[in-house]
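Visitor: Residues per chain are reported as follows:
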Amino acid sequence: MAEPVANAAAPAPAPGRLRNAFGGVLCAFTLILIGVLAFSIRLFSVIKYESVIHEFDPYFNFRVTQFLSKNGIYEFWNWFDDRTWYPLGRVIGGTVYPGLTLTAGSIWWFVNALNIPLSVETVCVFTAPIFSAIASWATYLLTKEAKGTGAGLMAAAILAMVPSYISRSVAGSYDNEAVAIFALVFTFYLYVKTLNTGSLFYATLNALSYFYMVCSWGGYTFIINLIPMHVLLCIVTGRYSSRLYIAYAPLVILGTLLAALVPVVGFNAVLTSEHFASFLVFIILHVVAFVYYIKGLLTPRLFKMAMTLVITVGLAVCFAVVAILVALVASSPTKGWSGRSLSLLDPTYASKYIPIIASVSEHQPPTWPSYFMDINVLAFLVPAGIISCFLPLSDASSFMVLYLVTAVYFSGVMVRLMLVLAPAACILSGIALSSAFDVLTRSMKFQLSKLFDDGPAISGNGSPNGSSASTVNTSSSKNEKTEKSEAAPKEKQSKKNRRKDKEVTESVSVKPKKEKRLSVLPLEASIVSTLLLIALGGFYVVHCVWAAAEAYSAPSIVLTSRSREGLHVFDDFREAYAWLSHNTDVDDKVASWWDYGYQTTAMANRTVIVDNNTWNNTHIATVGTAMSSPEKAAWEIFDSLDVKYVLVVFGGLVGYPSDDINKFLWMVRIGGGEFPHIKEPDYLRDGQYRVDAQATPTMLNCLMYKLCYYRFVETDGKGFDRVRGYEIGKKHFKLTHFEEVFTTHHWMVRIYKLKPQKNRIRGKLKKLKSQSSKTSSTLAAGRKKNPWQ
Amino acid sequence: SPLILFPCLLTTVLSFPRRSPPPDPHPPIAMAISPRLLLPLLLAAAAASAFAGANDLVGELQSLRSRSPAGVIHLTDTSVTRFLSSPAPRPYSVLVFFDATSLHSKTDLHLPQLRREFALLSASFHANNPDSSDLFFADIEFSESQHSFSQFGVNSLPHVRLIRPEHSRLADSEQMDQSHFSRLADSMVEFVEARTGLEVGPIVRPPLVSRNQMILLGLLFLISIPFGIKRIMEGDTLLHDRKLWMAGALFVYFFSVSGGMYGIIRHTPMFITDREDPNKLVFFYQGSGMQLGAEGFAVGFLYTLVGLMIAVVTHLLVKVESLQTQRFAMLAVMAIGWWAVRKVIYLDNWKTGYGIHTFWPSSWR
Numbered sequence: 033m034a035e036p037v038a039n040a041a042a043p044a045p046a047p048g049r050l051r052n053a054f055g056g057v058l059c060a061f062t063l064i065l066i067g068v069l070a071f072s073i074r075l076f077s078v079i080k081y082e083s084v085i086h087e088f089d090p091y092f093n094f095r096v097t098q099f100l101s102k103n104g105i106y107e108f109w110n111w112f113d114d115r116t117w118y119p120l121g122r123v124i125g126g127t128v129y130p131g132l133t134l135t136a137g138s139i140w141w142f143v144n145a146l147n148i149p150l151s152v153e154t155v156c157v158f159t160a161p162i163f164s165a166i167a168s169w170a171t172y173l174l175t176k177e178a179k180g181t182g183a184g185l186m187a188a189a190i191l192a193m194v195p196s197y198i199s200r201s202v203a204g205s206y207d208n209e210a211v212a213i214f215a216l217v218f219t220f221y222l223y224v225k226t227l228n229t230g231s232l233f234y235a236t237l238n239a240l241s242y243f244y245m246v247c248s249w250g251g252y253t254f255i256i257n258l259i260p261m262h263v264l265l266c267i268v269t270g271r272y273s274s275r276l277y278i279a280y281a282p283l284v285i286l287g288t289l290l291a292a293l294v295p296v297v298g299f300n301a302v303l304t305s306e307h308f309a310s311f312l313v314f315i316i317l318h319v320v321a322f323v324y325y326i327k328g329l330l331t332p333r334l335f336k337m338a339m340t341l342v343i344t345v346g347l348a349v350c351f352a353v354v355a356i357l358v359a360l361v362a363s364s365p366t367k368g369w370s371g372r373s374l375s376l377l378d379p380t381y382a383s384k385y386i387p388i389i390a391s392v393s394e395h396q397p398p399t400w401p402s403y404f405m406d407i408n409v410l411a412f413l414v415p416a417g418i419i420s421c422f423l424p425l426s427d428a429s430s431f432m433v434l435y436l437v438t439a440v441y442f443s444g445v446m447v448r449l450m451l452v453l454a455p456a457a458c459i460l461s462g463i464a465l466s467s468a469f470d471v472l473t474r475s476m477k478f479q480l481s482k483l484f485d486d487g488p489a490i491s492g493n494g495s496p497n498g499s500s501a502s503t504v505n506t507s508s509s510k511n512e513k514t515e516k517s518e519a520a521p522k523e524k525q526s527k528k529n530r531r532k533d534k535e536v537t538e539s540v541s542v543k544p545k546k547e548k549r550l551s552v553l554p555l556e557a558s559i560v561s562t563l564l565l566i567a568l569g570g571f572y573v574v575h576c577v578w579a580a581a582e583a584y585s586a587p588s589i590v591l592t593s594r595s596r597e598g599l600h601v602f603d604d605f606r607e608a609y610a611w612l613s614h615n616t617d618v619d620d621k622v623a624s625w626w627d628y629g630y631q632t633t634a635m636a637n638r639t640v641i642v643d644n645n646t647w648n649n650t651h652i653a654t655v656g657t658a659m660s661s662p663e664k665a666a667w668e669i670f671d672s673l674d675v676k677y678v679l680v681v682f683g684g685l686v687g688y689p690s691d692d693i694n695k696f697l698w699m700v701r702i703g704g705g706e707f708p709h710i711k712e713p714d715y716l717r718d719g720q721y722r723v724d725a726q727a728t729p730t731m732l733n734c735l736m737y738k739l740c741y742y743r744f745v746e747t748d749g750k751g752f753d754r755v756r757g758y759e760i761g762k763k764h765f766k767l768t769h770f771e772e773v774f775t776t777h778h779w780m781v782r783i784y785k786l787k788p789q790k791n792r793i794r795g796k797l798k799k800l801k802s803q804s805s806k807t808s809s810t811l812a813a814g815r816k817k818n819p820w821q
Numbered sequence: 118s119p120l121i122l123f124p125c126l127l128t129t130v131l132s133f134p135r136r137s138p139p140p141d142p143h144p145p146i147a148m149a150i151s152p153r154l155l156l157p158l159l160l161a162a163a164a165a166s167a168f169a170g171a172n173d174l175v176g177e178l179q180s181l182r183s184r185s186p187a188g189v190i191h192l193t194d195t196s197v198t199r200f201l202s203s204p205a206p207r208p209y210s211v212l213v214f215f216d217a218t219s220l221h222s223k224t225d226l227h228l229p230q231l232r233r234e235f236a237l238l239s240a241s242f243h244a245n246n247p248d249s250s251d252l253f254f255a256d257i258e259f260s261e262s263q264h265s266f267s268q269f270g271v272n273s274l275p276h277v278r279l280i281r282p283e284h285s286r287l288a289d290s291e292q293m294d295q296s297h298f299s300r301l302a303d304s305m306v307e308f309v310e311a312r313t314g315l316e317v318g319p320i321v322r323p324p325l326v327s328r329n330q331m332i333l334l335g336l337l338f339l340i341s342i343p344f345g346i347k348r349i350m351e352g353d354t355l356l357h358d359r360k361l362w363m364a365g366a367l368f369v370y371f372f373s374v375s376g377g378m379y380g381i382i383r384h385t386p387m388f389i390t391d392r393e394d395p396n397k398l399v400f401f402y403q404g405s406g407m408q409l410g411a412e413g414f415a416v417g418f419l420y421t422l423v424g425l426m427i428a429v430v431t432h433l434l435v436k437v438e439s440l441q442t443q444r445f446a447m448l449a450v451m452a453i454g455w456w457a458v459r460k461v462i463y464l465d466n467w468k469t470g471y472g473i474h475t476f477w478p479s480s481w482r
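Here the protein sequences line up with chains A and B, keeping their order. So for the first sequence, the working numbering puts the first residue at 33; every next one is plus one. So for the second sequence, the working numbering puts the first residue at 118; every next one is plus one.
Derived from the structure by calculation, the hints contain no laboratory data. Computed from a predicted model, the values in this text were never measured in an experiment. It is possible that some hints are incorrect.
Calculated cross-link-like contacts (lysine-lysine; reagent style BS3-like; alpha-carbon spacing at most 30 Å) [to be verified]: (1) A:482 to B:436; (2) A:750 to A:790; (3) B:223 to B:436; (4) A:787 to A:763; (5) A:695 to A:763; (6) A:477 to B:436.
Here chain A stands alone, though its shape is the one from the complex (with noise of 0.2 Å):
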């Protein structure tokens, strides 16, 4: 545990300048092997499978990486995609957060400019890792801003190894949040730091890391409403300081500058509701902090006078500025918001009116388990690391706290916000270990050297009331010298709070029978606690290592199934990317559900209609549309968008649960959504999604199931879908629209190719009419025949 090393680390006068310097050292040496299990624990993903980039949304970043590196940042910066929302495109340097991008290419020139040969790759694989260790030592600065540097310490040692932040940072996940999370915890460091010590020259730095966390993730919004509600919360508490003008003023004019420089960002820094709440508390400091300048400068009956003038024109600018905000906001139609940040404010948005924003399983709410699962034991100890925080209050901990239930609440609405919240959770339960650790520890050392020193004294208890006579005489001079020397490396708190805690004992002191005894705990329920503590700590360590090794380490593009004959694995999406990447044309459009939008683009270089960044909700609803229409109207829909090749996931063979049908019924609300003839009850059989014999014909009919499906009885006779857990509802029937081209090797991936249009040839063109007429009649009378409809 951190903990003991923690003790040895805090300041102490004359004779313990060389156990500072020890301490300072360990405290480095400690930090150093925090980073080091940060990183490493990251690794299971290379070492169980491969050195690969992960899911779905790390192959776009990757293939943008790609581009800096190959073509320089203008080049980058001017950007327009053709091989993505064909035929819209996509300008990639106006809409992408760079910060991930820029990172990983400035490393890998770094690097390459040290003359050490690593691939994009590598460095992109790598970056997340590298990026929680540095995210471990911020949480450190910041706690140790809170509560001092023992709290530091075992906050740092949570964070590296938290299960929700592994699950985003694993080595090959290279998304947002990787960099994102450092960035977000660094800026609040600073921003502490800024409010403790009142320098401009850390206010500046604030900035900067504010302008690179919006460079970085879209979560900025949180900080920049996160800091106004603490700011204003100072205020309204009567905690106003000139530190807090600084901390906040500066931030403001310079991020809000900076974040307009980011492209996606731009105007939307001034123009969106996100950023009202922030201009709002800036004039409301202003405000407060005049009020406060002419109270230095005026007589109090003066003041007096001065206060009311000042509150009528303060009132009066401030419903002025309000009654502007709200007329801007009422202007614009989702009142300024977007969809993400409503459904956070109204949890019920979401699943309402966007359904692309409900269908994204990380934007579901959380169950119980999912905290358990995320953020393990420390479920159990943030409650008293908030009770920690408020005793006592300062401008740091209250920051903490206000962090901690912000960031709860919002990851009680969306599941994929538990990363927010787990810098906080790591943070106040370093807190409440460190605070538990500490009263416990003392109690121990204090009663052991008791023991030792007069032992048969003090063995038996005896009365309370002679028992504590009895070492206030022993222990006042030794009190006094713990004050100085013993105690107070024990004492590991930030120097504020020590100084609250002198004044309180200075305070107290005037009564003098009360506060002769330091307070402690029985010496044997004190060494069984902190062993019960310590074991609590192992059971996270076992499970963080679990969760890192088990649960979030499939890179989801290669999967494994472990089964008596050994170990199996699937490797059929590269193998179907690859197979387009071979033996299609450069030019060729490929169509499939926006899941799969960005892997295609990267691994097989071919054009695609859709992907996963959703910015076109029409686009969308248009595939999801010919996917549920049925082979003919599907047809057309693609042809029309000029596609050859259709590619669907399908995991009734193997039983991969997330594959195209389970994710169908989203296609039909999307597509239900543009197009009101696709309505999602027809698919269903009394409110029941099933694509068994009780099917309804709609479903059996449409693209989706007849691509997923087709030929599928073929492998064992009966089409049992391992997936769904039944047979399928229709197992012979022939495409008309369509061709299968490819199917991979456990028919993981199924790619088909639009048959060519007919010529149409004059003459026979009654003939062909007839024809088709007699092919659908007879595919009506095959339907009429099928027992179960």
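Got chain A; can you put chain B on it based on the hints?
Guide: Relative to the frame of chain A, chain B by itself:
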């Protein structure tokens, strides 16, 4: 997926009294009339309606609608016969909500809520199509009109049926799917629009506070601002009470970690009844994708409890003077804490099915 599964849980089977008379000591009027009397009455009514023509019925329905709250006409056995058993092509459709006052207390059925939503649907339709006589909204109560319930073949609630102009037999009418209750009035609109081809228009939900109340609140707020600022300047408001902030923070934490937001978004009940044994209540749902309200709050309570106990030991118990008290309290805290953590770990393993294990070097085994 829980979204789809959930509505199925709502249905409860209504029990029809077969031989025994209804328990109600004052049977409704329609039941009091003996079948011998009823038959001629019905015949007369049917004949009358046929002769009087459809226009009279429409006019009557319209006047009934204008007298009913939210435009939902209350039907009884007689009026069902009068308006819905008339010969087939009627000039109107009727959407009927089947209600049972005795089941209002069953929370998992959400009958009162659905009834309110139904009224909202009716009011919105009426507001958007003021003169429409194509579609009427009606409700019918089980204890008053058991005959109609059996005629419609309704034996489970919640139940909504659409009787279109061409339906000649009541049982032919179309039942609204469970899936259409899932999003309340908004999904009911989809059903109505799909089946009748009529435009319902946007649902007009009454605002939580009316306009006058809003103005009043606004005025009160404006008046209170100067006083509030004065109090804040002096530093003696509730806002300066740290205990309040602390309690608030702990409550938000408790509510969030117990997945309370999940309950709000997904409308999950606190508990459900076992499907196999209706007398048994299920508080804990196996499977990590879904949770019930009660289990969430129970675990959230355990989460918070342990933290609070640690805080009490570190900050409060230290200051207690009596060693005995300290010892006893710490023992209790350790025992409860141990039990709570074990319980949560057990519940988590049971619910998610994960087997968390350690990784020892293979040479150690």
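Visitor: Are residue 482 of chain A and residue 436 of chain B close enough, with their CA atoms no more than 30 Å apart?
Guide: Holds, at roughly 19 Å.
Visitor: Holds or violated: are the alpha carbons of residue 787 of chain A and residue 763 of chain A at most 30 Å from each other?
Guide: holds, 22 Å
Visitor: For the pair we were handed, residue 477 of chain A and residue 436 of chain B, check the Cα-Cα distance against 30 Å.
Guide: holds, 17 Å
Visitor: Mind checking the alpha carbons of residue 695 of chain A and residue 763 of chain A for me, to see if they're no more than 30 Å apart?
Guide: holds, 21 Å
Visitor: Does the alpha-carbon distance linking residue 750 of chain A and residue 790 of chain A stay inside the 30 Å limit?
Guide: violated, 34 Å
Visitor: Given the hinted pair residue 223 of chain B and residue 436 of chain B, is their alpha-carbon gap at most 30 Å?
Guide: violated, 50 Å
In summary, the numbered hints that this structure violates are 2 and 3.
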